[in-house]
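Engineer: This is what each chain is made of:
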Amino acid sequence: MIGELGHFALALGCILALVQAILPLIGAHRRDARLMALASPLAGAQLIAIASAFGALLWAFAVNDTTVSNVVLNSHSQKPLLYKFSGAWGNHEGSMVLWVLILALCGGAVAGFGRDLPSALQARVIGILGLIAAGFLGFIIFTSNPFERVWPPPMDGQGLNPILQDPGLAFHPPMLYLGYVGYAVTFAFAVAALLEGRVDAAWGRWVRPWSLAAWSFLTLGIALGSWWAYYELGWGGYWFWDPVENASLLPWLIGAALLHSAIVVEKRESLKIWTVLLAILAFGMSLLGTFLVRSGVLNSVHAFANDPARGVFILALLMAYVAGALALFAWRAPKLGGTGIFAPISREGGLVLNNLLLCSIAAVVLVGTLWPMFADILFGAKISVGAPFFNAATAPLAIPLVAAMALGPMLAWKRADLAGALQRLWWVGALAVASAFLTLLVAGYHVWPALGFAAAAWLIGAAAADILDRIAAFRRPSQAWNRARGLPRAAWGGAIAHAGVGVMFAGLAGMGLATDALVALKPGESTRLAGYEWRLERIRDVQGPNWSARRATVTVLDGARVVTVLEPEKRFFPVGRMNTTEAAIHTNALRDLYAVLGDERDGGGVLRLHHNPLAPWIWFGAVIMALGGGLSLSDRRVRVSAPSRKAATAPA
Amino acid sequence: MTRWLFFCLLLALPAWAAVGDPNERLPDPAKEAIAREIGRELRCLVCQNQSIEDSDAQLARDLRRLVRERVAAGEDSAAVIRFVHQRYGDFVLLRPPVTAATMLLWATPILALGGGIAVIMLRRRRALAEAAALSPEEARRLAELDRGAA
Amino acid sequence: MSDITPPKRPRRWMLYAPLGLAAAAGAGFYAMLQGLQDGSYDPRGVPSVLLGKPVPDFSLPALEGVDLPALAAADLRGPLPGPVLVNFWASWCAPCIIEHPQLMRLAREGIAVHGINYKDRVMEAGAFLQRHGNPYRRLGRDEPGRIAIDWGVYGVPETYLLDRQGMIRWRWAGPITADTLEKDLRPLLRRYA
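Chains A, B and C, in that order, are what the protein sequence lines are.
If you use the numbering used here, the first sequence corresponds to residues 749 to 1400, in order.
If you use the numbering used here, the second sequence corresponds to residues 14 to 163, in order.
If you use the numbering used here, the third sequence corresponds to residues 10 to 202, in order.
Bear in mind the hints are in silico, worked out from the structure with no lab data behind them.
Note that the structure is a prediction, hence the values are computed from the model and not measured.
The reader is advised that the hints may include incorrect statements.
Claimed, not checked - When the alpha-carbon atoms are kept at most 27 Å apart in a straight line, the in silico BS3-like pairs for lysine-lysine are as follows:
| hint | chain 1 | residue 1 | chain 2 | residue 2 |
| --- | --- | --- | --- | --- |
| 1 | C | K128 | A | K1083 |
| 2 | C | K192 | C | K62 |
| 3 | C | K128 | C | K192 |
| 4 | A | K1130 | C | K62 |
Stated by the list, open to error - Listing some non-contacts, in silico: residues in chain A with all C-beta distances to chain C over 10 Å:
| hint | residue |
| --- | --- |
| 5 | S1043 |
| 6 | R1172 |
| 7 | D1350 |
As the list claims (entries may be wrong) - Below, a sample of chain A positions facing chain C; criterion: calculated Cβ distance under 8 Å:
| hint | residue |
| --- | --- |
| 8 | W989 |
| 9 | L1046 |
| 10 | G1059 |
| 11 | L1065 |
| 12 | M1067 |
| 13 | A1078 |
Positions of the beta carbon are idealized from the N, C-alpha and C atoms, including for glycine.
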């Protein structure tokens, strides 16, 4: 019964979304206030319908309703409740429902918080969000019904893949989707601007918070996935340049470019056409990821069903939205001109360089991800594009990007003094060079880690220099505190996010110096790695809620002092007859000690031990970046809604 | 990012619970480092999208052992990679060789950067010369934006 | 806003470029989806580099306890009396059970089928042939899996078709189902007969 209600709610949501798409758009076109006024209530009603459907799906998983085939395939009564819920969105159908729920939430937010938007702009944005929602709800209803029944119901479900039963992964998809779907809103703003034929500061001011929020969530989502890979897969790796990972990196890169170019639109009414294009592309990349993961065209072995009918449906949606928006762009973009001019050396110029490099990196990732498929259909060539290619092709673009990242915020708008900016950063440059040499001195000849530490010092130092400069800490120290409090949060947010990138580079550089050992030990025996003594104490059986395991106890000693006791496990899940390895990790924020248990033989066991310097900084860095984004988001200018159009376009 | 890994591991299931075999590593750390560098360039064909160093599929293990035997015998990296390439074709190379079919792939960084610069030059040729410093009016507007009182 | 220039007309082709690229990509994706359905596009298939070449040099021991001659490259050099199939298999491989009836059928029809037993135990391999029947004329045992690497094998079962000159003409990775036999293998056997 609940399932049928959920299915009905989806269908109702689809119809509401369609109405939400049609009436406000017609209203905005005809300047009909009554039709435009329908936008917000319709978005609210659609949100209620989709939330009910999602609630029904969660309910089916929570009570383990085995008449629902999705539950049978992805859940089991013995599973902890958190993983029953995460199982609801850990599969194709359920994750699509989560996707449209977040889209409906965004629509509701535009309706709720957007009262100060010009009514035609608001109506258009909500209408376009409705159009997107209608397409994806149609996709769910026609090809991927999450409430499909099975009869007779089996005794119990088949269980969720054990390596997916993990807190990190439970929150990975919602975070990612918040990011992907957030770009639906900036997309809607871009299309609305094209329909209206105008982009102004008020538009830039509205697009910025949405792109910031989407980017921050995407940062967290990607970081969670990478962290999960690090601790769950047991190889000590954190990024594999897999097509599915790249699919999430693409909107992140384009989104980062969008975030910066929207600043120029807001502050200087420049780069308008380019910003609109980026907003379209950011969402296009999100949809492309959805298509690649769910259609089966990828050379990535994944479990989302490879039904070609679904692939064609998503491709049709992708082309309808993205190609449609790009056609509108080609037609209407000339209307958006009116570019404020600036010298090449200026804040604007720096942001253009940032966009150029971020988009070039995105192009490399995009082409690298798609080329094996296109080489196959174009030339019949079977090739692989993996980490060695991506590292080699992105590094030359990342180096100037990092160099420019520090300089950009130091430049004045319109026309700036590069020598002056360099002068203010001389000590940061010295710090970066010193870090590189120190790395070479301490760790030996490791070029990439040395460059990584230099980048870290350069970025963190420059962020600090930027803030110190703005609060005039050296020129007028007595007023520094007051100035710091008066500094806009967006300035703090930007500096913090840039420093977060620096922290991440330190982590990457540290991981470049990681060492490991693969040893067979008997209880009582020990080995040495990275200056520590690692002693295997025993291996024994343990029992978990839905698994049993062999657990090794490894004591790590520094001289006579016990640093930590690591307990890596090999788990066996009787439902599904699957094994997983659980790495044991001890961190002190400066380094991870990481142990994995392998085969057992002759009363002992094989252990793989890793010493990963600064590993946690990779994810700390990502969290700092997201925090910086969040801080910018909480800026007064964003909280105190956007100005009315009149005030923004007619300067005092 | 999530499900492919699962499948990957499922295919490699018989060997997956293991984490490697200590005997397969070379005693000489310098040679082991070379072998690892080589391994990172080679794709594990069964467990797709991972290098043979990152996988415990049976074939990845065999190839790891083969790479180490050849490195131990004193062969240089290029020769070892060529040996595997001759047997498994371009598909096994994670760094695709430059051929007619991959020219565009390898040219992407230059094309993207060059294309971007060309577009910027075309659009801005005139504006560049004219830009002056911020006028007082513009400076005031920026300050107001920062105060949030526009 | 003293020096905002009058709107410069962006060059139109620049504005159409993103649309063109997206349309081209869309057409490519559509071709892939069509190819997935009719089998012409398979993102997971790895082509053999041995096509059109003779088999690599090797010599494998026979499987103990099974009364079959061993297999070496010399047995597969042309001229051969007819087309030959070389099948990599193992007793622990479930898809091998699926394809076994097809191999048995080919053997009964007089096609030369040779086997290479991959990473297997002697007892279990012998028991497998006893239970499911023996389609092989010659059977080599590749316990370390080293010869399989020389052939470019990446999993079992895998089957190679050699013409009468001993050139490899076809490689099938995965089980030969009844469908594969009729649609793919039979026409080739006729062509190289």
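Engineer: Any hints this thing doesn't respect? Which numbers, in order?
Structural biologist: 1, 3, 5, 8, 11
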